[in-house]
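**Q** Using the sequences and the hints given, assemble the complete structure.
Protein chains in written order, with our numbering: chain A, 11 to 499; chain B, -16 to 441.
By construction, these hints were calculated from the structure, which means they are not laboratory data.
Please read all numbers here as calculations on a predicted model, not as lab measurements.
All C-beta atoms, glycine included, are put in the ideal place defined by N, C-alpha and C.
Treat the hints with caution; some may be incorrect.
Estimated spans, in silico, between C-beta atoms of each pair [to be verified]:
| no. | chain 1 | residue 1 | chain 2 | residue 2 | range |
| --- | --- | --- | --- | --- | --- |
| 1 | B | N400 | A | R75 | 37 to 47 Å |
| 2 | A | S71 | B | D360 | 50 to 60 Å |
| 3 | A | P175 | B | G56 | 30 to 40 Å |
| 4 | B | N400 | A | E343 | 43 to 53 Å |
| 5 | A | Q184 | B | P232 | 20 to 30 Å |
| 6 | B | P54 | A | Q126 | 46 to 56 Å |
| 7 | B | P129 | A | P448 | 36 to 46 Å |
| 8 | B | K347 | A | R68 | 48 to 58 Å |
| 9 | B | P54 | A | G55 | 15 to 25 Å |
Taking lysine-lysine and the PhoX-like style, the derived pairs with C-alpha atoms no more than 25 Å apart in a straight line are [to be verified]:
| no. | chain 1 | residue 1 | chain 2 | residue 2 |
| --- | --- | --- | --- | --- |
| 10 | A | K194 | B | K411 |
| 11 | B | K337 | B | K253 |
| 12 | B | K298 | B | K337 |
| 13 | A | K474 | B | K133 |
| 14 | B | K347 | B | K291 |
| 15 | A | K194 | A | K493 |
| 16 | B | K253 | A | K194 |
| 17 | B | K363 | B | K291 |
| 18 | A | K120 | B | K298 |
| 19 | A | K344 | B | K133 |
| 20 | B | K133 | B | K272 |
| 21 | A | K476 | A | K344 |
| 22 | A | K383 | B | K133 |
| 23 | B | K253 | A | K474 |
| 24 | B | K422 | B | K238 |
| 25 | B | K291 | B | K238 |
| 26 | A | K476 | B | K411 |
| 27 | B | K291 | A | K493 |
| 28 | B | K347 | A | K120 |
| 29 | B | K221 | B | K22 |
Take a look at the letters that make up each chain.
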Amino acid sequence: MRLQISDCRVQIAARRFQIAAAVAVVALVVGSALPASAQERPAVGPERPFQLAPRIERTLSNGLRVIVTRQTAIPKVSITLTVLSGYSSDPADLTGLASLTADLIQEGTKTRNSRQIRREVFGMGGSLTAAASQDYTSVSVRGLSEFAPRLLDLVADVAMNPTIPDDEVAILEQQHLQTVAQQKASPQFLANRTFRNALFGEHPYARTSETEASLQAMDRATLVAFHTDHYRPNNAFLLIVGAIDPDAMVAASEKAFGGWARGDVPGPAYAAPPALSGRHVYFVQRPNSIQSSMAVGNIAVKRSDPRWYELTVANTIYGGAFNSRIVRNIREEKGYTYSPQSALTGFSNAGFYRFAADVRNEVTGPALTEVFKEIDAMRAEGSDGAELQGAKQYLRGIFPIQTATQTGLSATLIIVYVFGLPKDYPETFRAKIAAVTPAQVKSASVTLFGSENSVIAIVGDYAKVKDQLAGYTNITFLDTDGKTIPPPQ
Amino acid sequence: MVKSRNMRLFAFVLCLTVLAPAVPSVSAQTFSVPVVYKKLPNGLRVVISENHAAPVVVVELMYRIGFRIEPKGRTGFAHLFEHLMFQGSEHVAKFEHVRIVNENGGTLNGSTRFDHTNYFEVMPSNALELAMWLEADRMRSLKITPETLKNQQDVVSEEVRDNVLNQPYGAFEWLGLPQKANTNWYNAHNFYGDLSDLEAANLDDVKKFFDTYYAPNNAVLVVSGDTTTEEVMKLAEKHFGAIPQRPLPPRPDIKEPAQSAEKSFTESDKLARTPAVAFGYHLPDRMTKDFFALSLLDPLLVSDESAKLYQALIKENQIAADVSGGFNYGLGNNFDYNGPMLYTFRVDYRPDLKGADVLKVVDKVISAIQEHGITEDELKQAKVNFRSSFLENLEGQSGFGRADLLAALALYDDDPNRINTILSDLDKVTTMDVQQAAKKYLVPANRTSIDRRPGGGQ
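**A** In structure tokens form, the structure reads like this:
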């Protein structure tokens, strides 16, 4: 052992350290019977077949689409009713209405009060959630599959017969007001909100969360009206994934939802997003910050755009996987940050690309420089060879991994039906990724990554990073409420 | 099981890949996990769990070294070391581990917990040998340079800033509370690490830590998914078989003296806007009668909106916006540790009140259980709910949950088949057991609380 330690020091002096014990082990191994081949990198075998179970799809006479598939990973079931109205359907002064409505429908029906709903779900090993996102609201229950028919009835009751009691509205509004206050302390929340507001302007995709004012403007009547207008079978689909008998679940769905009446559902009003000019910094002053939390990006295509595949490959290479250019650069080479990443998000009417990271104050400017340097390299050269092949293989490989669980398969199928993707999307995804060419990745990079015109949202302590942002001439300063303020001193 | 209405971050995960996989079955009652348990001559334990539903395989290495017994004066070192395991070995260059896994269609991660550190790959099953080779190469021949050490010291420091120092509440409920509730250094130090300790770590520390703990006889290899016992054993012998075992040091005394009086602390938070209180009770030893009883009370007390604390705090008294909690809160579940542990709660409450007001309501809820017990119906529902959460955990993180539980049961109980008998142990719990355990453990004298108040900021 002593000898090994001194070996070690020699190596440290040579600025190349190998753990001494490991050296000894290697020596042992090499001197032992282990063939050298056991240490060489093994080849990967031939790809094994991947096939999802068939799906049943029926449309009930009232227009509700029902999609059922058997997945027996564990004896559980996911039942999700998705209503195709979300934040985008909120009136501009009532942001959060779809979200609060989703919360309130769980708080009482014509035959069950709030507590009874919760106890019943609990006793079936279940969890009931209802949450609004940009284009839709999902009312979802997950529980033991032996209770599948009763879980289905419960989802139907909550979606069709909520009473939205006044006292529960008051409790939930208080709860949300506290959440709004907490959100203003979260640098990641503020960075995202600022980014989305700047990027989408008057377009409803600017809305990510309720405000004190919007919450105070909502009452039982507004919530009931939203439910009446939007929760309609012709504006929804029901997805059931689990260890169930598909035919029996289709029949049970007809029974549970057959009496739901159609309605005319108002669609969202889409304003044009503002035109971007230059690299515009939106700086949110958060005193005492020891990091700058940043979100950088641009408008991208809607989810159903046929270029989605090449854009996804380009984003994976840039920052969408752990093994990606931006992670290698600002984490593994420079140590600026722990969790840099970029994501491509597609909605019904538009989408966006966003890079996000939290970096220590001292490297705020340098981190931004690297972000744009990598973007410009993608735009100029795209990607080819082993890097491109690896990114495609990554996306092809994780698809079976993601869809091998009930919750993962549900999430994938919801995307298919919300955005009107081809029904064989899960079956063709891997082939379409494999077909992406270097030329497509290059053109996708130009489409995807804004460089000269970009939104840059930063949440931090301006005095600490001011000098590093000298190269950015267009800076708007905001407080944590989103109000414009003079440059902080 | 840990749960929360808000999705609070699991803290010690190393990287940023998130994923999702699975197992065959009939009904919940008859569901069982296939388990084969073997040991190589060098002491490496091997667990195989077949599942051919998808062409996916999970490979996990779990080492019996967590942050609890990391070196004194080097807080956060176990976690820093976890990062270093991705920085290269004899045949694998810095970050190449990540590149090889991603480029072959897989994801990976590592995390540091109280009593172990885990490393895993979720891969297409045709890449099984590649993943096992990667794990074997770093167990055999980790290679760290001054540059890679410095790089990961910077990355981990950013991680601590991200999750603790620049965040409102500063992880007080899972990182801060054990430091106040415990008195034995092993249980009571800053597991994420003081930045100065992280910076002080040197290559000698790295070498010593690797030599001491990263031996085959201190680890479990789990392979679950689309493979066979024959294939796994052949590959395990090929890649791990020649790595020599090493003598393991005696385990330090991690016992936590019994607490005799309630401990209450108040902290001022420069970044938070609204107050929150965290409190924790010392738990009975894992896998004991009282442990199982409290494991069943847990879902009734703090699982979701149906639970007693949610109903009392948010609905009836309307003094809070959120309540969450669990065993091994923020860092794991009821089974993946082996030592003193807290049953932790966090309540985000109304700004015009104090943490003590919250604890009064909590004590009323708990007193009712201590005096009147729970009903037979509640116990039955709790058993159903626990079974459901247990199954959910197996599917978690693309099937990693199943591998990870098998690894913990092999490492701590030398019995991965326990995965199929834990639920029967819980079935034996009676309403009287629950009442007795609540009387014994959920008392103020066994409790520590931190009231975290906004202040000193704006």
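**Q** To test your reading of the hints: which numbers does this structure violate?
**A** 2, 3, 5, 9, 10, 20, 25, 26, 27, 28
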